[in-house]
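Trainee: Chains A and B, in that order, are what the protein sequence lines are. Mapping of the first sequence onto our numbering: position 21 corresponds to residue 21, and the numbering continues sequentially without gaps. Mapping of the second sequence onto our numbering: position 105 corresponds to residue 105, and the numbering continues sequentially without gaps.
These are computed hints drawn from the structure, not numbers from a lab. Treat the numbers as computed from the prediction; the structure is a model and nothing was measured. By construction, the Cβ of each residue, glycine as well, lies at the ideal position given by its N, Cα and C atoms. Careful, some of the hints might be misleading.
Just so you have them, the derived chain A footprint on chain B, three or more residues with Cβ under 8 Å [unchecked claim]: (1) 30-38; (2) 49-56; (3) 62-74; (4) 117-123; (5) 242-248.
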Amino acid sequence: MKIIVPPLKDEDINELKAGDEVLIRGVIYGARDAAHKKMAAGRQSGCDWPVDLQGQVIYYVGPCPAPPGRVIGSAGPTTSGRMDAYTPIMLEAGLKGMIGKGQRGPAVIEAMVKYKAVYFAAIGGAGAFIAQTIKKVETVAYQELGPEALIKMEVYDFPCIVAIDIYGNSLYKT
Amino acid sequence: MRTVQMSEITSAVCNAVIKANTILPPDILQALRAAKEKESVPRARKILDILLLNADIAAKEQMPLCQDTGLVVIDLSIGQEVKLEGGGLEEAIQQGIREGYKKGYFRNSVVDDPFIRMNTGDNTPAIIHTHIVPGENLWLKILPKGAGSENVGALAVFKPTESLENIKAFIINTVSAAGANSCPPVIVGVGCGGNLEHCAYLAKRALLRPVDQRHERQDVAGLENELLQEINKLSIGPQGLGGDTSALAVNIEVGPTHIASLPVAVNMNCHCTRRAVIKI
Chain A
1 MKIIVPPLKD
11 EDINELKAGD
21 EVLIRGVIYG
31 ARDAAHKKMA
41 AGRQSGCDWP
51 VDLQGQVIYY
61 VGPCPAPPGR
71 VIGSAGPTTS
81 GRMDAYTPIM
91 LEAGLKGMIG
101 KGQRGPAVIE
111 AMVKYKAVYF
121 AAIGGAGAFI
131 AQTIKKVETV
141 AYQELGPEAL
151 IKMEVYDFPC
161 IVAIDIYGNS
171 LYKT
Chain B
1 MRTVQMSEIT
11 SAVCNAVIKA
21 NTILPPDILQ
31 ALRAAKEKES
41 VPRARKILDI
51 LLLNADIAAK
61 EQMPLCQDTG
71 LVVIDLSIGQ
81 EVKLEGGGLE
91 EAIQQGIREG
101 YKKGYFRNSV
111 VDDPFIRMNT
121 GDNTPAIIHT
131 HIVPGENLWL
141 KILPKGAGSE
151 NVGALAVFKP
161 TESLENIKAF
171 IINTVSAAGA
181 NSCPPVIVGV
191 GCGGNLEHCA
201 YLAKRALLRP
211 VDQRHERQDV
221 AGLENELLQE
231 INKLSIGPQG
241 LGGDTSALAV
251 NIEVGPTHIA
261 SLPVAVNMNC
271 HCTRRAVIKI
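All chains should be built: construct the whole structure from the sequences, respecting the hints.
Mentor: Here it is as structure tokens:
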């Protein structure tokens with residue numbers, strides 16, 4: 001099992017192959033539909049990204065609220081394809097990893113190859129299991145979006161599978 | 001006449017949504033276990049193991065099984081001998097959801113409008129289908145429905161003379177196109193007959209039936225089994241990452257339709273199908 005520690009450099013991911021199981025340790029960011037739309041709109045009107053994307057990993061997630069004594073509620077992946085339209089410009093800005101579930105479109109895979117980025121599949125519907133690997137959570141932007149806010153998470157041994165590698169090899173049937 | 005207080009309904013709905021979101025129904029657990037035994041692909045077996053472990057953790061820790069605690073669908077049957085007291089029935093149900101989602105620390109996944117998209121902040125309103133039936137009981141069948149699987153449904157209205165082969169192909173192609181997005185292994189709800197909106201409702205109602213119960217009509221049950229085999233041959237596998245287990249069940253509901261129509265709806269549900277039934 002490979003251990004992956006963001007922020008990622010090319011040499012951290014160029015040996016990863018579709019099908020590899022990995023454990024992520026360190027900081028990842030959580031964002032889904034509404035946060036992506038806001039980030040993209042911000043860029044179009046000339047604002048900076050709310051966080052420096054260089055080498056970072058984004059997890060497509062909208063978690064449940066944290067019950068007392070916990071840092072987060074259930075937190076499994078959402079469908080990545082809905083973020084496809086926003087992904088190439090984020091890869092261009094240095095994003096190196098994405099975690100979600102399901103197939104990505106051809107434009108995303110092309111951009112992943114061009115900018116060298118990897119797509120990890122987390123287990124959809126295993127939100128209680130995944131939440132145990134999330135150790136710290138803080139809201140970074142868009143608090144008003146509630147479960148769709150942009151969050152920063154510290155994870156330890158967050159389990160995923162390389163679904164599409166930086167060479168464009170994919171575990172999903174086309 | 002039997003009198004039922006609205007407060008009783010609110011509290012029953014509150015408890016039911018908490019239970020539904022944290023405890024996987026026994027028929028689904030059993031189907032996942034059986035699938036794991038039969039699964040020949042190691043990665044798929046491992047994923048099925050994680051899903052079973054997730055169900056364990058959720059039950060023990062009182063955590064929602066999945067962060068998408070869903071838009072709640074309720075199939076409500078009211079006995080005509082029931083007298084309801086203490087407010088509006090619909091509001092009593094919505095209040096139960098409001099309380100349950102707050103108490104359970106569940107995600108609020110409902111927005112007020114398809115375009116403005118402001119989160120309503122309490123996971124209401126639920127979608128309620130109401131039927132008046134004989135008797136003096138109230139039945140609420142509750143389905144907190146995730147969107148990953150809801151988004152990949154399809155409806156087609158065929159000609160009444162359409163071949164069964166083409167109808168089967170439509171169902172199989174819908175499952176195939178959904179791929180990993182519907183969180184396989186899926187449960188495929190199919191509605192055949194009715195009209196445009198009733199057909200979609202039949203497909204939803206099919207998802208309320210446990211996966212270990214086949215349709216009471218032998219021909220429909222045969223079609224369910226046949227479609228399940230065909231779908232599992234697609235090798236979508238758990239999470240769409242390959243394997244023998246693409247679906248746990250195909251549940252079909254049929255209904256009367258117009259002489260000119262043959263509507264077919266496919267409503268998918270994820271492996272994490274959550275449901276609860278309340279009898280008051």
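Trainee: Now look at each hint and say whether the structure bears it out.
Mentor: Structure-based check of all given hints:
no.	hint	result
1	30-38	violated (count 0)
2	49-56	holds (count 4)
3	62-74	holds (count 8)
4	117-123	holds (count 3)
5	242-248	violated (count 1)
Consistency with the previously given hints fails for numbers 1 and 5, ordered from lowest to highest.
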